Amino acid sequence: MRFLRLQLPLFLTALAGSIPIVAFFWSPNGTIVQTTKDWLEKYMVIIASFALLLGVINVVQTNVKKIERRQAGWHYGLFLLAGLVGMGTCGILGAIQVGPFQGIGFRPDGSRTPFQWGAEFIFNPLQATMFSLLAFFMASAAFRAFRARNVEATILLIAAAVVMVGRIPLGESILGGRPYLAHFTDWLMNWPNAAAQRGIIIGAALGAASLSLRVIVGIERSFLGIDKSE
Amino acid sequence: MDRIVRWLDLLVHLDRRWIFILIALGTALPILFPIGFKVSITPSAQALYDKIESLEPEDVVMVSFDYGPSTAPENDPMADAVLRHCFSHGVKVVVLALFPIGGVTMADQSLARVLHDYPGIKYGTDYVNLGYKSGGQATMKQMGEEIHNVFPVDRYGKPLAEIPLMQRVHAYRDVKLAVSMATGIIGEWWANLVNAQFGIPVACGCTAVSAPKYYAFLQSGQMIGILGGLKGASEYEKLLTRGYPATAPIYARPGLYTAIKGMDAQTIDHSIILLFIILGNLAFFLGRMNNRRKAS
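Protein chains in written order, with this note's numbering: chain H, 3 to 232; chain C, 956 to 1251.
Derived by calculation from the structure, the hints in this document are not laboratory data. Computed from a prediction, not measured in an experiment: that's the story for all the values here. Hints are all accurate, no fakes.
No farther apart than 35 Å at their CA atoms in a straight line, the calculated lysine-lysine pairs in the DSBU-like style are these:
no., chain 1, residue 1, chain 2, residue 2
1, C, Lys1096, H, Lys44
2, H, Lys39, C, Lys1006
3, C, Lys1006, H, Lys44
4, C, Lys1216, C, Lys1168
Bound conformation, chain C alone (with noise of 0.2 Å):
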C-alpha cells in the first residue's frame, strides 16, 4: 500500500513540463499518422444540414466569419464544410466578417481554400464578399434596415449596387438562413438580436469551450442548428461527404487540415487529460486513506 502511495505521489508531483511533452507528442503524432476515429453525427449538426439542404438554388445564405486566428483550428473546418455545402447544394453566399481581430482575413482564406475546389462559382453571382464592419450590433441591427447602406462597397472596394447577387439582397428579409461561426459574444447577438427581431432562422458554428452556452438558444428555437468545436465540425464534415460524395476526395486530400482529422488529436488528448485526473484523483484517495491509516 505505502509503496503504491508513494508512486502515486510522485505522479502527482509530477514535473509539468512531462504533461506537456505528452500533450505535444498526443497533438503532434495523429496529426502526422491519422488514425480515423468513427465520428457519430448529433441532431444539432443534422439540423443545420437539413436546413441547407431544403433551401432552393435561389435562395441565399449568409456567412458571418465572427473569429479570429486563436480559434481557426476550430472555426476553420466548419466554415468550409458550411461552404462547400453552399456551393455544392446551389445556394448563393453572402460572407461578411464582424470580428474586428483577423475576422476579415479568416473570411478570404476559407474561400480562397473552398473555392479551389469549385471553379464554377462566380464572384458577383454565386457569393459576395462583403469585408468587416465595426460595430458588433450597431452594424447587425442596420443590417435588418439595409445591408447597402452598412456595407456601400464589398470587400474589393466595389459598389453593391453593381454587383448582381447584392441588387436582390438588401435586408435579411432577403436572405433565408444566417450562419455564424462565432467565437466570443457575437454568436449569441445573432440569435438575440437577428433571429429575435428579424426572425430569420440562425446558426451557430461555434468554439467547444462556448458551445454550452448555444444549447440554450438551441432549445428555445432561436438557433436552429449549432455546430460545436472540432466535433460539430467533423460530423459536418461526414455529413457533408456522406450526402455530396464529389465532395470525398477533398477530404481525402493529404496535407488538408480537416476536423475528421483534428479529431485524432482531441481523441487522444482527452484520452490523457482523463487518464491524467483519474491517476491524480486516485492518488487524492489513497493518500487520504494511507493518512486515516496512520492517524488511527
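The shape of chain H in the complex, shown without the other chains (with noise of 0.2 Å):
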C-alpha cells in the first residue's frame, strides 16, 4: 500500500520531472532521453486538459453546496451552474454533431451553432460588462485612496500621475507639443519600473526552481495529500 501510495508517485515524479532537465542540455535524436521527452511533452497536453475537467467538477462542488445551504448569494451560483450546463451541453453536442449542433463554432454556410451563439452574444457582452465596470471603481478608489500621507505614496502618486498623463495626447498638448512627459514616461518604464520588474520575475523564477527541485527529489509531499512525517 505504502509502495502504491507514496513511493511509485514519488519515483514517477522523479523520473518526469528530471527528463525534460536532462533533455534541455543533452539530447542527441534517437536516444531514449530525447524519446521519452517528446512522448512527456505531447502527454503534458493532453494531462493539462484535464485541468479544465477538475475546474468544472470544483464549479459544481461549491456550488450545489452554496445552493444546498441557502448561503448568501445562492441564486447567483443556480445562475452560474444553469450556464455551465446550457454552454456544456450545446458544446459537448456540437462535438458529437447532433441534430443543430453541428460544431463549435460556425457552419459552412457562416451561420453560427448554437455554442457560437451562446459565446457570442451572452457571454462575451456580460464579460465585457463585468471588466468595464472597473473603470468607475478605479476612478473613484484613485480619488479617495491617493493622498500623498508620507513620502513612499508621495513617489508612487508622483510616478502614477506623470505615467497617467505621458500616456495621453494631453500631456504633450499642455507642454506646447514637446513630449517630455512622454519620454519621462518611457525612462520611468524602461528603468526603474524594469529594474523592479526584473526583480520580481527572478525571484519568482528562483522559487519556481527551487519548488520544482524539492517536488523532484521527494522532499516536497503534499501534492499527493500527505505531510512529511510518511
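Now that you have both chains on their own, put them together as the hints suggest.
Put into C-alpha cells, the structure is as follows:
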C-alpha cells in the first residue's frame, strides 16, 4: 500500500521531472532521453486538458453546496450552474454533431452554432460588462486612496500621475506639443519599473525552480495529499 | 480659509455616484463626438512595426489571441492593426488562440473585421486559423517540435496537412515573428519559453495594466516590441495609416471602433481622475493645515 500511495508516485514524479531537465542540456536525436521527452511533452498537453475537467467539478461542487445551504448569494450560483449546463450541453452535442449542434464554431454556410451564439451574444457581452465596471471603481478608489500621506505614498503618487499624463495626448498638449512627459514616462517604464519587475520575475523564477527541485527529489509531498512524516 | 476647507471637505465626501456619472460622460461623449487628439509614437511600437516591415512577402507571422472579451476594447484594435499590417505588407499569418475564455472568438471576430477590407486574401495560402488549444505552456513547448501534432486540424476541422500554408510551417523555426495579443500571463510565456528556448523574435500587445512587467522583457531583448494598452494600439494605427495610406479610409470609417478614437475617451477619463486626485490631495493638506492652526 505504501508503495502505491507513496513510493511509486514519488518515483514517477522524479522521473517525469528529471527527463525534461536532462533533455534540455543533452538530447541527441534517437536516444531514449529524446524519445521520452517527446512522449512526455505530448502527454503534457493531454494531461493539462484534465485541469479543465477538474475546474468544472470544483465549480459544480462549490455551487451545489452553496445552493443547498442557501448561503448568501446562492441564487447567483444557480445562474452559474445553469450557464455551465447550458453551454456545456451545446458544446458536447456540438462536438458529437447532433441535430442543429453541428460543431462549436461557425457552420460551413457561415451561420452560428448554438455554442458560438451563446459565446458571442451572451458570454462575451457579460464579460465585457463586468470588466467595464472596473473603470468606475478605479476612478472612485483613486480619488479616495491616492493621498500623499508619507514619502513612499508621495513617490507613488507622482510616478502614477506622470505615467497617467504621459500616456495620453494631453501631456504633450500642455507642454506645447513637446513630448517631454511621454519621454519621462518611457524612462520610468524602461529603467526604475523594468529593474523592479526584473527583480520580481527573477525572484519568482528562483522560487519556482527551488519548489520544482523539492518536488523532484521528494522533499515536497503535499501534492500527494500526505505530510512529511509519512 | 475655513470656507475653502469646508468646500474641499464636501468634495472629499462627494457621493461616488457623481464620479461614476462624470466617468460615464467622459467615456461616452468622446466616442460619440471624436476629438482627434494627436498620438505620438514610442520606440516599443515602432520596433514591432519595423520588424514586420523587414519581413519578406513569403515569411510567416504567428499571431496568438491570448485575451478574452473582458480586455477586447484594448486588445482588439492592436490585433486588427497588426493583422492589417501583415496583410498589407504581404506576409503570411498563422492565427491561434491559447486563452481559454473567449480567445478563439476574439480571433474569429478580428479576422472577420480585417478580412472585410482585404478581399484578395485567401484562406489556406495567405492565412490560417488554427483555433484554440488548451494546455498553455505545454502546448507552446510542443509547437516548438511539431505544430501539426498540437493542431491536427484547423479551426474549421480541415487537416493541417491539406492546407498549403501549413505544409511549410511545422514549428517555430518556420516562423519569423510571433506576436501575442495578451492579457494575463500568457504573453510572458511567449518571452520566457518560446523566445528563450526556440529563439524566434517575440512581440506582445498587452493591456495597459500588464504593460509594466513586459518592459523587463523588452529591455532584456526577449521581446522586440510592445504595444502597451490603448496607447500602444493607437500608435500602431498611426504607423499603419502613415506607412500604408490605403488603410487610412478604413480607420476613418464611421462606426468602426479604433484605438485612436478610444484614446479620446481615455484622455478625458485620465484627466477627470487626475483632477479628482489633485483636489483630494488639496483638501487633505488644507484640512491638515487647518487642524494644526486650530490646535495652536
